[in-house]
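> So you can see what is in the structure, the chains are spelled out below.
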Amino acid sequence: MHDPDAEDVAKAGRGDRDAAARLIARHSAKLLTVAGRMLSSRAEAEDAVQEVFLRLWTHAGRWRPGGAKFETWLYRVMLNQCYDRLRRRPTQPLEEAAEMADEAPLPGAGLDDGQVGREIARALETLPERQKAAILLCHFKECGNIEAAEIMGLSVEALESLLARGRRALRARLQHLKGFAGDGP
Amino acid sequence: MTDESSDRIFAERALKRLPAEIPPLGFEAALLSAYDAWNERRPQGRWAAFRAGLNQFSESIWPGAPAWAPASAFAVALLLGAGLGVTLPSILADEQPAFSLEQPSAFTLSAADAAQEDM
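Protein chains in written order, with our numbering: chain A, 594 to 778; chain B, 11 to 129.
Just to be clear, a hint being listed does not mean it is correct.
[Unchecked claim] Computed footprint of chain B on chain A; a stretch qualifies when at least three of its residues, placed anywhere within it, have a C-beta under 8 angstroms from a C-beta of chain B:
id: 1; segment: 610-622
id: 2; segment: 639-649
id: 3; segment: 665-672
id: 4; segment: 707-720
No wet-lab data here; the hints were simulated from the structure. For every residue, glycine included, the Cβ atom is placed at its ideal position computed from N, Cα and C.
Please work from the sequences and hints to get the whole structure.
See below:
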C-alpha cells in the first residue's frame, strides 16, 4: 500500500523543513475542521491541532512505513486529543442545558442561512462524541467506512452502527428545520 | 428508500449547510514555527546520528522493542559464546585419549637415553 506521506514524514523527522511544510499544508486545514466540529471551539481546536503536529514531529523519526497509513495515525491522534479535551470540560448543569434548549427556534419559524447553519452546528454538538466523530470523519475527511473504522479503532460494523445512530439522532434534533435545503416537504 | 438511507441523505445535506471553517491567517506559519522550535531542540550531530542508526538497526532486528532489549540479547549471546569458546577447548582437551592416530603423542628423547640407544 503506497502511503503518499511516508517519505515526507521521514524527511521531516530528519529536520527537512520543506517536508514539514508540505505535511502541514496537506493536513492542517482538514484536521482543524474536524477538530473544530468535535470541540465546538475554534481556539481549542487550534490548540489540539498544534499538539497533534508536535506529536508528529517527535514521532516522525521513528515512523516506519508499512504499518498503518500515516493519515490514519494522524487522525487517531487528533481524535484522542479531542476526546481528552471533551472529558476535561466541566459537565454542564441541568438548568443551563434546559436554558440552551429553549433558545431553539420554534418549528416553522423563518430562518436565514446563518441561523440554519448555527442550528445544525448546535445539533451536531449535542451528539455523543463517538457518533459525532464517525459522522465528521465520513463527511469532512471524506473517508470510507473502512478507513474511518480504522481511525476510530472499531470494526466496520460498529462504525456503521454509530453512523446510523448518529444520523438518526441528528435528524431528530433538526426536525424543526424540516424543509431546509431541499429536504422533502 | 430505507430510513437509514434517508437519514444519511438528510445528514449529508445538513452538514453541507454548515458554515465553512477557514483556517485563521498565519495558522500554518504558527505550525511551521513550532516545527522550527522542535528542530532546534532536536539532538543533532554525530552522536544523534549514531543513536538514530543504532535505533534503526535494533528496530530491524526487534521491531517495537526498546533499544536495550536487543542490545542485552546481543551482549548475553556474546558472553555465552566467549564463555564457551574459552572453557570448551580445555574440557575437550582433558577428555582426549593419551594416544590417537590423528595426533601422535609428542615425546623427546633425553640426551642420556639417546646415548644408551647408540651403545
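> Are at least 3 residues of the segment 610-622 of chain A within less than 8 angstroms of chain B when you compare beta carbons?
holds (count 7)
> Quick check: do three or more residues in the segment 707-720 of chain A have a beta carbon closer than 8 angstroms to a beta carbon of chain B?
holds (count 7)
> Can you confirm whether chain B covers the segment 639-649 of chain A, using C-beta to C-beta distances below 8 angstroms and requiring at least three such residues?
As far as the segment 639-649 of chain A goes, the hint holds, because 5 residues have Cβ atoms under 8 angstroms from chain B.
> Count the residues of the segment 665-672 of chain A with a beta-carbon closer than 8 angstroms to any beta-carbon of chain B: does the count reach three?
With 0 residues in contact (Cβ-Cβ under 8 angstroms with chain B), the coverage given for the segment 665-672 of chain A is violated.
Taken one by one, the earlier hints fail for this structure only at number 3.
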